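*Asks:* Now for the letters of each chain:
There are 6 protein chains.
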Amino acid sequence: MPIVELHVLEGYKPDEKQRLADAVTRAVRFVVPAAPELVTVMIHDMPAQDYYRGGLMRQPAAARPDPAEIVRKFLAAMEARDLDQARGMLGEGFRMVFPATAPMTTLEELIDWSKPRYKFVTKTYEGFDAMQGAGDAAVVYCRGTLQGEYHDGSAFAGIRFIDRFEITDGKITKQDVWNDMAETRMTTAEGAV
Amino acid sequence: MPIVELHVLEGYKPDEKQRLADAVTRAVRFVVPAAPELVTVMIHDMPAQDYYRGGLMRQPAAARPDPAEIVRKFLAAMEARDLDQARGMLGEGFRMVFPATAPMTTLEELIDWSKPRYKFVTKTYEGFDAMQGAGDAAVVYCRGTLQGEYHDGSAFAGIRFIDRFEITDGKITKQDVWNDMAETRMTTAEGAV
Amino acid sequence: MPIVELHVLEGYKPDEKQRLADAVTRAVRFVVPAAPELVTVMIHDMPAQDYYRGGLMRQPAAARPDPAEIVRKFLAAMEARDLDQARGMLGEGFRMVFPATAPMTTLEELIDWSKPRYKFVTKTYEGFDAMQGAGDAAVVYCRGTLQGEYHDGSAFAGIRFIDRFEITDGKITKQDVWNDMAETRMTTAEGAV
Amino acid sequence: MPIVELHVLEGYKPDEKQRLADAVTRAVRFVVPAAPELVTVMIHDMPAQDYYRGGLMRQPAAARPDPAEIVRKFLAAMEARDLDQARGMLGEGFRMVFPATAPMTTLEELIDWSKPRYKFVTKTYEGFDAMQGAGDAAVVYCRGTLQGEYHDGSAFAGIRFIDRFEITDGKITKQDVWNDMAETRMTTAEGAV
Amino acid sequence: MPIVELHVLEGYKPDEKQRLADAVTRAVRFVVPAAPELVTVMIHDMPAQDYYRGGLMRQPAAARPDPAEIVRKFLAAMEARDLDQARGMLGEGFRMVFPATAPMTTLEELIDWSKPRYKFVTKTYEGFDAMQGAGDAAVVYCRGTLQGEYHDGSAFAGIRFIDRFEITDGKITKQDVWNDMAETRMTTAEGAV
Amino acid sequence: MPIVELHVLEGYKPDEKQRLADAVTRAVRFVVPAAPELVTVMIHDMPAQDYYRGGLMRQPAAARPDPAEIVRKFLAAMEARDLDQARGMLGEGFRMVFPATAPMTTLEELIDWSKPRYKFVTKTYEGFDAMQGAGDAAVVYCRGTLQGEYHDGSAFAGIRFIDRFEITDGKITKQDVWNDMAETRMTTAEGAV
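Protein chains in written order, with the UniProt record's numbering: chain V, 1 to 193; chain C, 1 to 193; chain W, 1 to 193; chain F, 1 to 193; chain G, 1 to 193; chain Y, 1 to 193.
If you are wondering where the hints come from, they were derived from the structure by calculation, not from laboratory data.
Since we're looking at a predicted model, the values are computed, not measured.
Treat the hints loosely; a few may be bogus.
Said to hold, decoys possible - Residues of chain V clear of chain F, computed beta-carbon distances all greater than 12 Å:
{"#": "1", "residue": "Ala35"}
{"#": "2", "residue": "Ala61"}
{"#": "3", "residue": "Arg81"}
Unchecked claim - Coverage of chain F stretches by chain W, computed from C-beta distances (three or more under 8 Å per stretch; other residues unrestricted):
{"#": "4", "region": "68-80"}
{"#": "5", "region": "85-95"}
{"#": "6", "region": "107-115"}
For glycine and all other residues, C-beta sits at the position ideal for the given N, C-alpha and C.
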């Protein structure tokens with residue numbers, strides 16, 4: 001039964017409102033075990049001339065972009081090795097950690113690190129989870145499986161991975177990657193014995 | 001500036017309302033880039049006698065428990081090898097995947113799998129991310145580092161891990177685990193060469 | 001989906017709120033074809049110290065009694081020939097019309113009118129419809145069938161009737177009665193031929 | 001003092017809102033004895049993009065037509081013996097009862113029944129009462145007097161009648177009729193003796 | 001933290017809403033010691049077709065003009081000795097009192113009174129305070145200093161004054177004036193001794 | 001018709017709410033020319049556990065005291081020459097100006113200034129006007145007439161005065177006084193000639 005009324009400054013687009021309604025509905029259901037169709041969200045658009053704080057009119061800030069969309073585009077650019085586009089999506093202080101690596105700050109470091117490991121790798125997505133963090137960063141999780149080819153020409157597939165991103169002001173500031181590649185190779189190697 | 005009014009049936013406790021306010025505030029900030037202190041949440045408690053749907057009074061459902069708390073307790077029980085308590089926290093259809101394992105459905109399978117790998121392992125937490133999924137399950141991510149001892153008596157520490165849990169009706173129904181253990185051992189082994 | 005918020009001065013009892021919620025729900029559905037369970041009514045009780053008109057606090061008026069209940073009691077008193085109780089339920093300017101009678105203003109007139117017609121009559125109720133009229137009077141319709149005994153000792157039953165009442169300030173001010181008694185007797189008589 | 005806020009999906013026309021405001025005002029006054037001018041109704045039109053249930057946008061259903069208007073048109077068509085138009089206003093399962101008749105389901109049955117009774121009859125309306133019933137049907141009462149001519153050429157007038165209609169999805173599904181015709185004739189006949 | 005929602009009939013202009021928001025913000029801060037930027041005012045414009053009192057639509061009344069603006073214009077007209085314009089700004093029953101004068105009702109009386117006192121006088125404004133009184137009149141205070149020339153050719157300046165105006169229906173109905181002119185002259189005279 | 005909803009943290013006392021309702025009603029009527037009885041103010045008390053800003057619970061600040069009441073008490077203390085009590089009501093940076101005086105900062109300066117002017121003086125109040133200023137100070141105007149006795153034993157009465165006070169955090173920080181005393185004496189003196 002929860003009924004949510006959202007008063008926001010006029011100016012958000014339908015898809016932004018849809019994202020807002022969706023996020024708020026899930027936030028309510030995080031605590032209140034109501035069926036989704038019993039959670040009502042009403043957005044009250046306030047024209048600037050009808051909203052005052054301290055007696056002053058205020059302007060609405062542009063909506064934050066969808067962080068999951070940003071992650072999708074970044075991963076696609078990386079897969080296509082379009083480093084220029086990918087680099088343009090990184091924010092100040094960007095920092096990434098891959099399995100057992102020290103923090104890296106440039107995409108080139110990552111390329112160097114991955115070069116000896118496989119010829120190429122692509123991702124099959126299983127799911128995205130996105131939420132606002134406690135601070136200004138949104139957090140996006142992306143998981144699925146990797147497939148590709150090792151340098152010895154052998155193919156691999158179905159290797160589980162998960163990426164965790166932080167997005168601030170529409171830019172990626174943090175990426176953490178885990179996957180089963182080493183475990184898989186080790187297991188395969190042992191199995192091969 | 002967003003102002004959120006939440007109408008809920010009376011009965012939620014202060015800590016449940018706090019969680020609700022926190023989740024809704026973050027949901028709003030997922031789309032609207034307002035500073036946290038500009039997001040106001042007002043909860044309007046509706047006594048049962050003041051709320052009607054279809055002309056009928058309704059009863060509030062008990063709040064969902066905090067899924068991050070459930071995960072913390074489960075992980076503590078597992079670390080303490082208190083399998084009885086841990087098992088009691090699992091829901092119907094529970095299923096877990098560890099690095100490169102097939103899906104397991106009992107804790108015993110996990111114990112068997114881990115036995116040859118290390119004497120013991122404990123976790124240092126770096127962060128939890130929790131949110132409601134699209135369906136009825138809440139999703140909890142927990143990440144940090146592992147430390148412990150291998151069977152050869154050597155110690156390990158600082159190995160990154162991430163767990164993803166799904167919690168439905170207060171029970172854990174899914175656990176997915178990734179970590180750098182294999183990668184670390186492989187790197188160490190190579191390094192040892 | 002209609003959501004109704006009712007702000008009233010604190011003081012109405014649960015059954016009065018229930019009647020209010022019910023009446024408002026039906027009022028909404030009179031125009032909006034929503035399923036009943038999609039019509040939400042929230043009553044916001046305003047303590048006297050929180051409600052001001054013209055800067056002055058106001059006191060809530062006692063709820064109007066349920067007019068259908070008043071009609072039921074009146075009809076029961078009449079059936080039991082408890083004229084004192086029935087008379088006590090009549091308001092200033094009471095006026096009643098029975099089939100083809102001139103307006104009557106006292107219960108005694110009615111008794112006199114009915115005396116030659118039947119020994120006694122009782123009512124089986126089929127339905128009540130109650131609503132607020134355009135002015136201060138509530139309107140209650142009561143319909144069903146009559147059974148009883150004529151002066152020749154023959155019984156009758158299943159004769160349709162409908163009564164229309166107006167109730168103002170908790171008192172009955174108008175009663176209009178229609179039934180098929182004459183038509184039935186006429187038909188029976190003709191049939192008897 | 002009651003203040004009513006109605007949140008509905010945008011799309012209702014001014015006359016539909018007027019009917020809504022009127023019905024809700026009367027519903028409130030059915031329980032709260034406030035003077036009409038102290039009952040405020042505010043309709044908050046929600047554009048589809050601002051209203052979500054279960055995170056999904058919803059479309060408003062077209063308003064129900066005014067059932068009293070439907071009854072007026074039906075009675076006019078019947079008086080004009082425009083059976084085609086009248087028939088088009090009847091819903092599935094239509095059923096009508098006239099004084100001492102068995103239930104009839106076609107207008108032709110009614111015509112046959114009335115034929116021996118009078119040459120023609122017209123209605124003078126005294127009042128309509130309309131409300132939503134407990135279910136999906138609206139209930140309309142119409143009362144007044146009949147005038148016309150008997151087969152012997154004598155005229156009649158001022159004979160009280162009341163009709164009760166049920167209207168579902170804009171169609172008449174039930175009509176119940178009571179009047180003083182038999183009583184009047186009987187009285188007249190007796191008086192003639 | 002106070003959040004104010006104002007429901008008004010649609011039709012007020014942005015500058016009128018700004019004045020309304022400003023007045024309401026100050027009214028709230030008269031009692032609640034919140035920082036101005038923590039007082040939010042939301043104006044909900046109600047289109048005429050969405051607002052009903054007693055089931056009837058209502059029309060918004062034109063906003064009252066800004067009474068401080070009226071006072072400014074009046075004082076400017078008086079300073080420019082544009083008596084026609086000034087006179088047009090006076091309401092029924094206008095009445096003014098200047099230092100130690102009896103009540104005057106025409107501007108001519110004032111001119112006569114001031115003639116022997118100084119050749120001319122102009123005002124330097126230090127501040128305006130405007131508010132709605134308990135009744136229909138707005139109250140405007142205007143204070144500052146006078147400068148001008150006496151009939152002996154000597155100049156004066158920096159003489160404190162305060163005017164109190166009442167404005168009803170956009171017209172000035174009362175003016176009360178105090179200043180230090182006599183005190184200043186007396187002091188100067190004494191000082192001169 | 002304006003309807004005002006005020007959401008404040010729970011904790012204000014009935015007389016504080018009454019002052020709030022009164023101030024807000026007048027603020028609305030400053031712009032909207034509605035009759036007082038058509039301005040409705042509803043205060044929604046928010047328990048601390050139901051109100052969050054930035055996801056944090058907030059505590060209500062104590063209401064500001066009634067500044068007109070403070071002024072009344074101060075003037076009474078001054079009239080009674082209870083300088084200790086009066087001094088206790090002055091705030092940091094207090095500053096007062098009397099007719100043609102330089103700014104004074106202590107009550108003793110005022111006493112010295114007034115000593116040669118009259119034996120004693122008391123006030124008859126005609127009206128108070130109080131409002132919140134643009135900043136943190138409330139402004140209180142007090143006007144009426146002075147009566148008392150000059151040093152020559154002659155009495156005076158009916159001399160108009162007006163005081164303007166600023167009150168910040170419950171303390172008087174500014175007093176400006178105007179009156180007709182000099183004008184009156186001058187006029188009397190001239191008249192005496």
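*Asks:* Now, for every hint given, state plainly whether the structure supports it.
*Replies:* For each hint, the structure was consulted:
1. Not every Cβ of chain F is farther than 12 Å from the Cβ of V:Ala35; the closest lies at roughly 8 Å, contradicting the non-interface assignment.
2. The non-interface label for V:Ala61 is consistent with chain F: the shortest C-beta to C-beta separation is roughly 19 Å, beyond 12 Å.
3. Look at V:Arg81: its CB is around 37 Å from the nearest CB on chain F, clear of 12 Å, so calling it non-interface holds up.
4. By the rule of at least three residues with a Cβ nearer than 8 Å to a Cβ of chain W, the coverage given for the region 68-80 of chain F is violated, with 0 such residues.
5. Coverage of a stretch by a chain is defined here by at least three residues with a beta carbon nearer than 8 Å to that chain's beta carbons; for the region 85-95 of chain F and chain W the count is 0, and the condition is violated.
6. Chain W is given as covering the region 107-115 of chain F, and this is violated because 0 residues of the stretch bring a CB closer than 8 Å to a CB of that chain, at least three being needed.
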